Amino acid sequence: MSGDGSRRHGPPMSITVRHTLRGGEVRTAVRDLAPVVLGLTPFALLIGVTAVRSGVGAGTGILGAPLLYGGSGQLTALTLMAGGAGLGAVLAGVSLVNVRFLLYAAALEPHFRGQPRWFRWIAPHFVVDPVYAMVTRRRELSGAELDDPVTFRRYWTTAGVGLGVAWTALTAAGALLAPVLPTSSALDVAAPAMFLAMLVPQLRTRPARVGAVTAAVVAALASSLPTGLGLLCGIAAGVVAATLTDRSPS
Amino acid sequence: MTLLASAVATYGLRIVLITLVPAHRLPAVLRRGLPHLAPAALAGLVATALAGHAGPGALVAPGPTHLALAVAGLVAWRFRNPALPVLAAVVVAVAWEVLS
Numbered sequence: 215m216s217g218d219g220s221r222r223h224g225p226p227m228s229i230t231v232r233h234t235l236r237g238g239e240v241r242t243a244v245r246d247l248a249p250v251v252l253g254l255t256p257f258a259l260l261i262g263v264t265a266v267r268s269g270v271g272a273g274t275g276i277l278g279a280p281l282l283y284g285g286s287g288q289l290t291a292l293t294l295m296a297g298g299a300g301l302g303a304v305l306a307g308v309s310l311v312n313v314r315f316l317l318y319a320a321a322l323e324p325h326f327r328g329q330p331r332w333f334r335w336i337a338p339h340f341v342v343d344p345v346y347a348m349v350t351r352r353r354e355l356s357g358a359e360l361d362d363p364v365t366f367r368r369y370w371t372t373a374g375v376g377l378g379v380a381w382t383a384l385t386a387a388g389a390l391l392a393p394v395l396p397t398s399s400a401l402d403v404a405a406p407a408m409f410l411a412m413l414v415p416q417l418r419t420r421p422a423r424v425g426a427v428t429a430a431v432v433a434a435l436a437s438s439l440p441t442g443l444g445l446l447c448g449i450a451a452g453v454v455a456a457t458l459t460d461r462s463p464s
Numbered sequence: 737m738t739l740l741a742s743a744v745a746t747y748g749l750r751i752v753l754i755t756l757v758p759a760h761r762l763p764a765v766l767r768r769g770l771p772h773l774a775p776a777a778l779a780g781l782v783a784t785a786l787a788g789h790a791g792p793g794a795l796v797a798p799g800p801t802h803l804a805l806a807v808a809g810l811v812a813w814r815f816r817n818p819a820l821p822v823l824a825a826v827v828v829a830v831a832w833e834v835l836s
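So the protein lines, in turn, are chains A and B.
The working numbering applies: residue 215 is where the first sequence begins, and numbers increase by one.
The working numbering applies: residue 737 is where the second sequence begins, and numbers increase by one.
You can take every hint at face value.
What the simulated footprint calls covered on chain B by chain A, stretch by stretch (three residues with Cβ under 8 angstroms from a Cβ of chain A suffice, anywhere in the stretch; the number is not a length):
(1) 746-757
(2) 771-785
(3) 799-810
(4) 822-831
Hints in this document: simulated from the structure, not taken from any laboratory.
Every value quoted in this text rests on a predicted model; they were computed, and no experiment measured them.
Idealized CB from N, CA, C, for every residue including glycine.
With the rest of the complex left out, here is chain B (with noise of 0.2 angstroms):
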């Protein structure tokens, strides 16, 4: 019941602006920032992932993650396909783990 209340829940945030509200009618200043969405999501998702349950202050004691996610960050940048940067990142932390 939980479950399904919630999947309620999150459905009703997918379709509001696609279905019940089209966003075309939103005011243009917020229709202006819509493009900008991807990166600003994206990057936020990875530094919250980084910062996890710690805070902002793991940002600052770097660790398995940090390495990891540099070095996907590097090869995201070489190479075009998407799976490198994850097998790369995986790679340097069974690495870490093996080593320590």
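Extracted from the complex, chain A is given alone in its bound form (with noise of 0.2 angstroms):
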């Protein structure tokens, strides 16, 4: 194991810098979680919901958050086998939905080439929007500190595994509140609202608003086509002509 891989990779920093930084990073990702989890508990409880009123019970619900680590993966999951659905379906369902994963650990990679082998191959279980949007704001807003190995990795550590407990609770809670639990839309709008929220810091340049368009726009035409598949080329879409806007020197 490549232990201290880290400094020999990271990025020169001075010594008083490095000091300020870590430390530091573990408070700045449970900040930054903070209104992550409060703007997910209508969706992780909307998930336990689903759970015991599909019929496909509590417990199943439940071990889903810790395991699948992502919502739309969790209830596509649900909803196949609620209907009955074999395992083939339901692995391909939940593989066309997650597979924006894919893209996620490929613009997140250079953040893992430093780091030791444990953490390459365990850590990317929490690749997922929430995380991954709350990286790619940090670097908006404190600019190269997370370039730094030993930062991104408490950072990192931190917001994943913080999530995750915070989902798999508030799965459980919805669980179990599910017999009195209303039927409200304010149960939908949280989750697309938080996106929202770390969307529009982002669209300051104009590559990323030609981008941010045309993935909405292709996303909304084509998302009548099967789980997951609109998202895809919306998201696709939406590279594509940030790319060729783009002027910058690559």
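Combine the two chains into a complex, taking the hints into account.
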């Protein structure tokens, strides 16, 4: 194991900067995570409620939270299992919905390059929309701060584990409260509002705006395609449009 | 068993371009697009949630979700705190339900 690989590959940082950042990244991750958990609470509750009301069972619903670690994939699995779908159909549906993680992983890969082997095998489990968006937003706010491998490792682990614990607990709460929770559109609106809150600060450049608009239009037009495919088409179209618009040197 | 198999498949998607075939070995043309992924993915997620199962027609038929997300967008534009747009959207959705 390359236990100290981070120090060999990390970019040069002054001792002052390194000491200012390290130790603070856990606190920063917790601070960044708090509003994300708040925004995801209705979504997690909804998954717990769905697991119970669909007849799949609270245990399966709760177990899906740490295992799949992705709301849309969990919801897809629960819906298909409740409909009596077989292993192949559930596997295909969940993979299709989660294939965007492949893109997130590719974008995050530079942060994993100088990390110890254990981290490169275990930590990708936390690649999911909110954690990816948190890292992107933190990079916007703090510049190269997360380029330091140790800082990234602490930030990522705190965010990933923290979100996992909260997500599982909230899914369990949803399953427990399923008999008494009312049906409300507030449950549906919180997750997209959270994604919107993460998107808006990133719209400062023209390529970002072109990419976002293109992705939104294509994803909406293709939303009637089988589970997850419309979103994937939207993301791909948005990335292509933004790349074509981007005139900065590559 | 089904859940476990799905978890293994999802883990595979997460790990393949980080640990097995690192993304820096991808062709340059693909790597150029990666910095633009976040806005596209987030916008796609919002649009998909808005369109829902009703398809693209839902986008041109305004409802409480549209209003809630429009307010959330304005709040996100004005304030840096990411919790405020979520709270604003939930308040609008609940107020709509109470008033209608």
